[in-house]
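Participant: Please construct the entire structure, taking both the sequences and the accompanying hints into account.
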Amino acid sequence: MQRSGCIHCQRDATSFMDYQKLVKDCLKHRPEAQRQLYEHYAAIMLGVCFRYTKSITDAEDVLQDGFVKVFKHLDQYRSQGELGAWIRRIMVRTALNYLKTNRKYQTDLVFDDMPLHPVSTDDPVIQLQAKELSELIRQLPTGYQTIFNLHAVEGYSHIEIAAMLGISDGTSRSQYARARALLIEWIKKLSSQAQHDHYGRT
Amino acid sequence: MIIMAEHNFERRVRQEMSDLKIDPSDAVWENVKIRIEKKKERRRLLIIFFLLGLLLLGGGYIMIYSPQSIKTSEITFNIDKEKSNDEHQATGATGNSQAQKNTDKKNNASSNTITTITPEKKIAVSEKPKHILAYNSPQDKRTNKRQFIKDDLHHKTRDGITGNIISSDDNKIKEKSPKKINEADIPVSVSVDAKIIDNNNDTTAITGSTITNELSNDSGKAPLVINADVSTDTASIAAINTKDKVVLLKANDTATVGAKTFKAKASASKNKWHIGLNLGGGISHIGTSVFSFEKLATYDYVGSNASNATNIPVRNFYNRLTPAPAPIIKSSSAYFIGLFIERELSSATALSMGINYANFAVSSLQSSGYYSYPERFSGSSNKSYRNNFNFIEIPLELKVQLGKGKKMPLYWHGGASLSSLFKSNALQYNPYAAGNYYKDNSLFNNMQLGINTGLSIQLFKLKSNPVTIGPYVYYALSALAKEGLYDRQHFLFTGLRTQLLFKRK
Numbered sequence: 001m002q003r004s005g006c007i008h009c010q011r012d013a014t015s016f017m018d019y020q021k022l023v024k025d026c027l028k029h030r031p032e033a034q035r036q037l038y039e040h041y042a043a044i045m046l047g048v049c050f051r052y053t054k055s056i057t058d059a060e061d062v063l064q065d066g067f068v069k070v071f072k073h074l075d076q077y078r079s080q081g082e083l084g085a086w087i088r089r090i091m092v093r094t095a096l097n098y099l100k101t102n103r104k105y106q107t108d109l110v111f112d113d114m115p116l117h118p119v120s121t122d123d124p125v126i127q128l129q130a131k132e133l134s135e136l137i138r139q140l141p142t143g144y145q146t147i148f149n150l151h152a153v154e155g156y157s158h159i160e161i162a163a164m165l166g167i168s169d170g171t172s173r174s175q176y177a178r179a180r181a182l183l184i185e186w187i188k189k190l191s192s193q194a195q196h197d198h199y200g201r202t
Numbered sequence: 203m204i205i206m207a208e209h210n211f212e213r214r215v216r217q218e219m220s221d222l223k224i225d226p227s228d229a230v231w232e233n234v235k236i237r238i239e240k241k242k243e244r245r246r247l248l249i250i251f252f253l254l255g256l257l258l259l260g261g262g263y264i265m266i267y268s269p270q271s272i273k274t275s276e277i278t279f280n281i282d283k284e285k286s287n288d289e290h291q292a293t294g295a296t297g298n299s300q301a302q303k304n305t306d307k308k309n310n311a312s313s314n315t316i317t318t319i320t321p322e323k324k325i326a327v328s329e330k331p332k333h334i335l336a337y338n339s340p341q342d343k344r345t346n347k348r349q350f351i352k353d354d355l356h357h358k359t360r361d362g363i364t365g366n367i368i369s370s371d372d373n374k375i376k377e378k379s380p381k382k383i384n385e386a387d388i389p390v391s392v393s394v395d396a397k398i399i400d401n402n403n404d405t406t407a408i409t410g411s412t413i414t415n416e417l418s419n420d421s422g423k424a425p426l427v428i429n430a431d432v433s434t435d436t437a438s439i440a441a442i443n444t445k446d447k448v449v450l451l452k453a454n455d456t457a458t459v460g461a462k463t464f465k466a467k468a469s470a471s472k473n474k475w476h477i478g479l480n481l482g483g484g485i486s487h488i489g490t491s492v493f494s495f496e497k498l499a500t501y502d503y504v505g506s507n508a509s510n511a512t513n514i515p516v517r518n519f520y521n522r523l524t525p526a527p528a529p530i531i532k533s534s535s536a537y538f539i540g541l542f543i544e545r546e547l548s549s550a551t552a553l554s555m556g557i558n559y560a561n562f563a564v565s566s567l568q569s570s571g572y573y574s575y576p577e578r579f580s581g582s583s584n585k586s587y588r589n590n591f592n593f594i595e596i597p598l599e600l601k602v603q604l605g606k607g608k609k610m611p612l613y614w615h616g617g618a619s620l621s622s623l624f625k626s627n628a629l630q631y632n633p634y635a636a637g638n639y640y641k642d643n644s645l646f647n648n649m650q651l652g653i654n655t656g657l658s659i660q661l662f663k664l665k666s667n668p669v670t671i672g673p674y675v676y677y678a679l680s681a682l683a684k685e686g687l688y689d690r691q692h693f694l695f696t697g698l699r700t701q702l703l704f705k706r707k
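Chains as they are written, first to last, in the numbering used here: chain W, 1 to 202; chain A, 203 to 707.
Just so you know, the hints here were simulated from the structure itself, not pulled from any lab data. Just to be clear, a hint being listed does not mean it is correct.
[Unchecked claim] Pair ranges (Cβ atoms, derived):
id, chain 1, residue 1, chain 2, residue 2, range
1, A, T551, W, R89, 40 to 46 angstroms
2, A, Y537, W, A163, 38 to 44 angstroms
3, W, K28, A, L612, 35 to 41 angstroms
4, W, A85, A, G483, 55 to 61 angstroms
5, W, E82, A, L247, 49 to 55 angstroms
6, A, L247, W, A163, 33 to 39 angstroms
7, A, L541, W, D18, 32 to 38 angstroms
8, W, T101, A, E243, 23 to 29 angstroms
9, A, K242, W, R93, 32 to 38 angstroms
10, A, D221, W, K69, 20 to 26 angstroms
11, W, K69, A, D689, 52 to 58 angstroms
12, A, G605, W, S79, 36 to 42 angstroms
13, A, G260, W, A85, 47 to 53 angstroms
14, A, G607, W, E32, 40 to 46 angstroms
[What the hints assert, rightly or not] Partial pick of chain W residues on the chain A-facing surface, computed with a CB cut under 10 angstroms:
id, residue
15, Q34
16, A43
17, C49
18, Q64
19, V153
20, G166
21, L183
For each residue, glycine too, the CB sits at the ideal point set by N, CA and C.
Facilitator: As structure tokens, then:
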């Protein structure tokens with residue numbers, strides 16, 4: 001996962017030993033260590049869960065289930081990668097399971113085989129804040145939303161997405177292309193509206 | 203695996219999304235903590251039950267294989283090689299049955315968890331709220347929507363409201379005003395059930411209700427809005443602490459928000475201990491092993507005339523008696539009835555222990571014209587005799603749900619049981635005494651160790667008395683007797699079992 005800047009990297013490097021100690025303490029079921037681990041990652045993981053669901057309530061449910069799994073399977077974390085990335089993978093899997101099992105999402109989570117849609121070459125400048133962008137992503141139909149999150153944000157390949165969702169990689173590519181096109185259209189619309197409001201006032 | 207995005211668009215999206223952080227509500231951590239501790243407790247209970255089971259099996263093993271201290275009768279065969287007369291002596295006496303073993307256990311435990319709330323103490327009584335419940339982020343004048351508060355990685359501790367959340371259902375709820383509560387009416391502390399939220403879509407009500415409310419708008423915080431499931435008229439509420447006060451509504455209190463009225467219902471805590479009734483009926487067989495239920499050698503009955511019969515012991519050239527073949531032993535009907543206590547380990551597994559009375563039986567086909575000792579049978583046709591074996595058994599069983607059926611779940615169950623033979627009218631057979639039948643219960647192993655398994659379907663699962671029915675198989679690992687007619691024979695029971703559960707609310 002590409003990090004946004006050095007600050008995160010530096011922070012991770014200096015606290016590498018802390019993470020190891022934290023994991024060890026969590027494995028010993030120390031409540032304060034478990035709380036610390038949770039507080040360290042909860043906010044960012046809720047952001048991850050929020051992108052896959054349609055409401056903050058559902059996102060918190062996924063976060064809750066995800067952290068229970070994290071503590072349950074923490075012994076399987078082998079310090080081979082970042083702890084955050086490991087937890088993030090668990091959250092994504094938990095979110096996908098939640099979508100598959102929750103009746104509310106099942107009707108929308110349909111991945112019909114459709115003809116390949118060409119990926120748009122549009123590359124608009126994103127002038128939205130994270131919150132607004134996440135809102136737009138969440139406006140997508142659940143299937144598009146899921147595939148867009150998995151490919152564009154998490155960085156999974158279409159083959160991996162196909163395996164995770166039980167679809168063909170062609171369907172994944174096609175749905176992603178449609179989601180991307182839709183999102184770009186909305187971004188452009190919002191950007192032009194914002195510009196209009198700005199210039200209109202002045 | 204991470205693949206570099208070809209376009210800047212994907213890179214920017216990823217960058218923006220990595221900055222997205224949302225503070226979850228307090229309830230999330232509290233529920234995570236409860237669920238982690240619940241798993242620990244469940245593991246501990248499993249270990250305790252496993253050790254108890256081992257103890258039971260170990261005790262049974264010791265009892266079964268300890269030397270028999272009482273043997274009140276003996277059979278002696280006195281065959282005189284030199285004597286010309288058909289003289290034969292046998293002694294037998296009825297054995298004494300050992301005292302029966304009877305144990306009874308009762309466990310009653312309630313699993314209510316009550317958390318007393320004081321204004322200083324933080325609580326999390328959470329439901330699976332269907333809608334957003336509270337927000338305190340500053341209002342964005344431009345969009346008239348709540349903003350996310352971006353925070354750095356070391357975000358603040360949870361002393362105040364930390365739920366910075368936004369709902370897609372905002373439009374439905376944002377302008378409604380909650381019930382105003384006077385400070386004087388606020389109770390200092392109220393008992394509230396702390397509910398464990400299972401990973402399912404059910405919502406349950408909460409005893410009492412925990413609602414925070416702003417008594418004034420001076421602090422600048424937004425008022426609390428309650429959403430509820432109108433169809434059930436049940437308030438689904440999550441508890442959130444204000445900075446220095448927890449405002450509670452008492453149970454059964456109502457609040458009006460807009461046009462809707464909500465009522466806080468008392469909730470029933472889920473009881474994990476249940477009592478049940480066991481009933482089973484089927485066929486009991488006997489054999490040397492599970493797969494070889496061979497009948498004992500057949501007996502050739504010719505008639506009542508002893509001289510014509512081929513089934514009497516004959517003397518060979520050396521005037522030695524050859525033993526006559528044993529009678530035919532046939533399967534017979536069997537049944538058991540008892541009580542059990544069941545403890546839910548999870549939504550799909552349960553452990554139970556109980557006490558049963560079991561009656562297993564086999565029929566022996568006996569010839570006419572032969573006398574049994576001390577019983578006497580007569581008649582012109584072959585007679586069938588039902589040999590009853592009465593046991594008191596203590597079963598220990600694990601029940602696991604197969605699949606995720608909700609209405610008629612399918613279970614697999616398996617376990618072990620320790621049985622004590624306290625009464626039997628079974629007849630032994632003396633092959634050297636021209637068909638003598640006699641009773642000698644001392645030949646039996648009074649303690650039996652057995653295993654059982656089966657499948658069952660649960661009917662009326664959602665009612666207070668669900669019924670489970672399905673095929674049931676029991677096999678006695680211990681031999682029924684060490685000598686005599688039932689030497690090295692094991693019981694096998696196949697049939698149907700019904701269980702009626704009395705769920706305690």
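Participant: Does each hint fit the structure? Answer for all of them.
Facilitator: Hints and how they fare:
1. T551/A <-> R89/W: 40 to 46 angstroms: Check failed, 28 angstroms falls outside 40 to 46 angstroms.
2. Y537/A <-> A163/W: 38 to 44 angstroms: 53 angstroms, violated
3. K28/W <-> L612/A: 35 to 41 angstroms: Once the Cβ atoms are compared, 39 angstroms apart, the range 35 to 41 angstroms for L612/A and K28/W holds.
4. A85/W <-> G483/A: 55 to 61 angstroms: 59 angstroms, holds
5. E82/W <-> L247/A: 49 to 55 angstroms: 36 angstroms, violated
6. L247/A <-> A163/W: 33 to 39 angstroms: About 38 angstroms separates the Cβ atoms of L247/A and A163/W, which means 33 to 39 angstroms holds.
7. L541/A <-> D18/W: 32 to 38 angstroms: Between L541/A and D18/W, where Cβ atoms are some 56 angstroms apart, the hint is violated.
8. T101/W <-> E243/A: 23 to 29 angstroms: Cβ of T101/W to Cβ of E243/A: about 25 angstroms, so the range 23 to 29 angstroms holds.
9. K242/A <-> R93/W: 32 to 38 angstroms: Distance hint for K242/A, R93/W is violated at roughly 23 angstroms.
10. D221/A <-> K69/W: 20 to 26 angstroms: Holds: the Cβ-Cβ distance is about 25 angstroms, inside 20 to 26 angstroms.
11. K69/W <-> D689/A: 52 to 58 angstroms: Between K69/W and D689/A, where Cβ atoms are some 56 angstroms apart, the hint holds.
12. G605/A <-> S79/W: 36 to 42 angstroms: For G605/A and S79/W the Cβ distance comes to about 38 angstroms; the hint holds.
13. G260/A <-> A85/W: 47 to 53 angstroms: Holds - the Cβ-Cβ distance for G260/A and A85/W, about 48 angstroms, lies within 47 to 53 angstroms.
14. G607/A <-> E32/W: 40 to 46 angstroms: Holds, at about 41 angstroms.
15. Q34: 7 angstroms, holds
16. A43: Constraint on A43/W satisfied, holds at 4 angstroms.
17. C49: This interface hint holds because 9 angstroms falls under the 10 angstroms limit.
18. Q64: Where the cut-off is 10 angstroms and the nearest Cβ of chain A is about 5 angstroms from Q64/W, the hint holds.
19. V153: The hint holds - V153/W has a Cβ within 10 angstroms of chain A, the shortest such distance being about 5 angstroms.
20. G166: Violated. Min distance 18 angstroms.
21. L183: It holds, given that the least Cβ distance between L183/W and chain A is near 8 angstroms, below 10 angstroms.
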